[in-house]
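Engineer: Take the sequences, apply the hints, and build the full model.
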Amino acid sequence: DEQYDHTYRRIIRSGHTLGNHTASHKLNSKDSVYQSVDYFMSDLLKNRTFIQERYGYTTTIMRFPGGSTTSSKAPQIKERLKQENYYYVDWNAATGDGGSVLSPAKYRDNVLKNTDGKKILVVLMHDYSVNTLTALPEIIEGLADQGYTFVPLFNESVMCH
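Its first residue numbered 1, the sequence shown is counted upward by one per residue in our numbering.
Hints were generated in silico from the structure; no laboratory data involved.
A few of these clues could be false.
Below, computed lysine to any residue pairings styled on SDA-like, alpha-carbon distance capped at 25 Å [to be verified]:
no. : residue 1 : residue 2
1   : Lys106    : Lys78
2   : Lys119    : Thr149
3   : Lys119    : Val101
4   : Lys118    : Glu84
5   : Lys78     : His21
6   : Lys46     : Ser36
7   : Lys78     : Leu133
Structural biologist: Here is the structure:
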């Protein structure tokens, strides 16, 4: 969609990792992305091709819609990902913005008060949440105060499988 062109280009230009999250992200319908391994891979690779053609960027890391434990087909999908030289990442911290609308302060606290001394964090947050966007500067500052360093994901990242 052209309305996101600037955002995608900025992500890439800034040196961030652009991940794949499937083209459809359908979880709970007869058209679920998880209806079969072939369907999942087709949907994932459709999005990869779109990104390659439109932005000249090849995605190598993806996140399962709903996380890697969402589907009973995940073990077979993971095997196919390896065959495609694709890696996946799950999160180990979250704002909570995927389930309900909370205040920016609550999203901030959901992250900063639940790091539990983890050496590495992958924080799940969604770009459609205005309250998450509002909380993001305080989340970044709070994580930096806790000693975290921010780096892009890469295939060999400890959190990538």
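Engineer: Does each hint hold? Answer for all of them.
Structural biologist: Hints versus structure:
1. Lys106 <-> Lys78: violated, 34 Å
2. Lys119 <-> Thr149: Holds - the C-alpha atoms of Thr149 and Lys119 are around 10 Å apart, at most 25 Å.
3. Lys119 <-> Val101: Roughly 28 Å between the alpha carbons, so the hint for Lys119 and Val101 is violated.
4. Lys118 <-> Glu84: With Cα atoms ~30 Å apart, Lys118 and Glu84 exceed 25 Å; violated.
5. Lys78 <-> His21: holds, 14 Å
6. Lys46 <-> Ser36: Cα-Cα ~15 Å, so holds.
7. Lys78 <-> Leu133: Violated, at roughly 31 Å.
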